[in-house]
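**Student:** Sequence order for the protein chains is A, B and C.
Start counting the first sequence at 4; every next residue gets the next number (my numbering).
Start counting the second sequence at 17; every next residue gets the next number (my numbering).
Start counting the third sequence at 17; every next residue gets the next number (my numbering).
Please keep in mind that the hints were generated in silico from the structure rather than gathered at the bench.
Please note: incorrect hints may appear among the correct ones.
Between beta-carbon pairs, the in silico distance windows are [unchecked claim]:
hint, chain 1, residue 1, chain 2, residue 2, range
1, B, A67, C, E22, 18 to 28 Å
2, C, A156, B, A67, 52 to 62 Å
3, B, E154, C, A156, 45 to 55 Å
Predicted, not measured: the structure shown is a model, and the values here were computed from it.
For glycine and all other residues, C-beta sits at the position ideal for the given N, C-alpha and C.
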Amino acid sequence: MAFAVATPVFEGPFDLLLHLILREQVDIYEVSLTRIVDEYLAEIERLQVVDLDVATEFLLIAATLVELKARRLLPGRDDVDLDDELALWEERDLLLARLLECKTFKDVAGVFSRLADDADRSFPRTAGPDERFDDVMPDLLEGTTVKRVQAAYVRAVTPKPVERIDLFHVAPVRASVADAVAELVDELPRVGRITFRRLTSGLVERLEVIVRFLALLELFKQGVIELDQVEQFGEIDVLWTGGLEPVAAGSIAIDDYEG
Amino acid sequence: MMELNEIDTETVRAIEAIVMVAVEPVAPDLLAQLLEQPKAMIERLCAELSAAYDEAGHGFQMVKVAGGYRYQSHAELAPYVERFLLDGQRARMSGAALETLAIVAYKQPLSRAQIASIRGVDPDGVLRTLQARGYVTEVARDAGPGQAILYGTTATFLEKLGLNSLADLPPIAQFVPGADVVEALEFGLRIDVPAPDAGG
Amino acid sequence: MMELNEIDTETVRAIEAIVMVAVEPVAPDLLAQLLEQPKAMIERLCAELSAAYDEAGHGFQMVKVAGGYRYQSHAELAPYVERFLLDGQRARMSGAALETLAIVAYKQPLSRAQIASIRGVDPDGVLRTLQARGYVTEVARDAGPGQAILYGTTATFLEKLGLNSLADLPPIAQFVPGADVVEALEFGLRIDVPAPDAGG
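Let the hints inform the model, and build the full structure from the sequences given.
**Tutor:** Below you can see the structure in the form of structure tokens.
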């Protein structure tokens, strides 16, 4: 059964992002998008031991963040398409609106929690009528068929699915971004240009695909590859720009993900 | 309310709260233990409380029944209560009650604890309703230590369902999931092909 | 009890008797019908009765929850009642459950996909838990192509929060983040004009 998995701390991508941004609220001008994005990605990496669907949802937001960050790193580029520029702003505004909505309901949830706590301190009377009224009560079995009794029995003895962390679909793959980076800096200089689809065609687990994608983002950040996607949801082209000299994986500085 | 000192006031309020949520009459012994007051004092306060309700002319009473105290509607208001029970309550049996009745029907004789272990909840209130309606009754005592009361269905139950005997209840074995399925559910594992004849 | 004329006294006593035997909140409409009195009068008497209990300092209350009146123990006596019920500690809801409930409460009826887009995560498991506990239910089908199931809150939800109706929910406007939060978020996600020392 699909299972709502929260990371040890965060329920979802908005939850995490809100936390990363708002914890600095004392002095918002200390907030650094770069740090937020890095920490966000670090959190996704931790997610690989949890639930794939959730990791995917985190990743969707990560893509927007990385785009925002990339744009900020290249403020003076003249070749920026105006449409792209507008699309990015739109995307940012959308993300902002969703964060605000999410924050709104998080605050409501806090109020609900207090209401429920208060209500839980009072216990309703459920005793019902006493035996003096036994004869007044209508026959409760009126219209009940044997089949209903049989069905009720089956329902009663069928074990209820116990809600617990379903580890079945969590792959025992412990691929880390660092490992994937090491593989890529070995492979990419030899092939030069490759599509993301081909790069991941041999991978079975979606998790491994996601980790590879994160590793590519890391290499992009380090400036040794270029990424190009001609159309939305289209093929992603990966171009190695790090030169022909073999690069030691260790020389690619992976950000300190401890945040 | 009544004229009381501080400790008594708190104790009386606690008695009211506990008896109000109780499904069965609450014994003064239990109240004394929960409220950490002498039993004699609890008895005195309950008696005073009961008298105070009567004097104030409430539509309910606190009475001592079967060795314990409980709230009940005042006898004078019985016509209204009866009208409510006839018109106001849904006559249909609740899902919980029907499940409990079904368990008793198929597994009798069995104890309250055995019912609880199957349903996962204490069947106390539900059993009382089923007994009050005459569908279920105490049929024996467990031979083991504790001598738990064992329950079974009544002739009324068979009559209402139009059955001659319990042997006429439709068999259930083929519908009950087998041990492998149960285990799979419990441990969140997947089973590839459920055996078609996974009888219990 | 309260100062009342004769008809009112009889009506109040009948209300007390009926609510005492009820197992779920009793709607004023039903009381009005059973007691053959105008609903407005029933509402007034119930409110007065409820206030009179509080004023007298009883250990129980009569409150309006989920559209009807019920007796319950007073919150101040919770420690004693919990001791009595043993399992009186009720399950607390998780943050995810509360957030999902908040969204459903204010935006109902709405689909799973709409919940997902607000929370940023698939609400499947949480929704199932909320449905199992009876706080949320399927209320309709979307008229559009996929005919998505639309969810809404239940009377049990109102009881869980101790609310009489959805109208008692605090207005959503008061939860919209303030200017400081908006500013912080905008700054955190700003695109242009990187500060020279912004790093990265």
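**Student:** Can you tell me whether the CB distance of B/E154 to C/A156 sits inside 45 to 55 Å?
**Tutor:** For C/A156 against B/E154, whose Cβ atoms are near 47 Å apart, the range 45 to 55 Å holds.
**Student:** Quick one: are C/A156 and B/A67 within 52 to 62 Å, going by C-beta?
**Tutor:** holds (54 Å)
**Student:** When you take the CB atoms of B/A67 and C/E22, is the distance between them in 18 to 28 Å?
**Tutor:** 23 Å Cβ-Cβ, so the 18 to 28 Å window holds.
Checked against the numbered hints given earlier, the structure satisfies every one of them.
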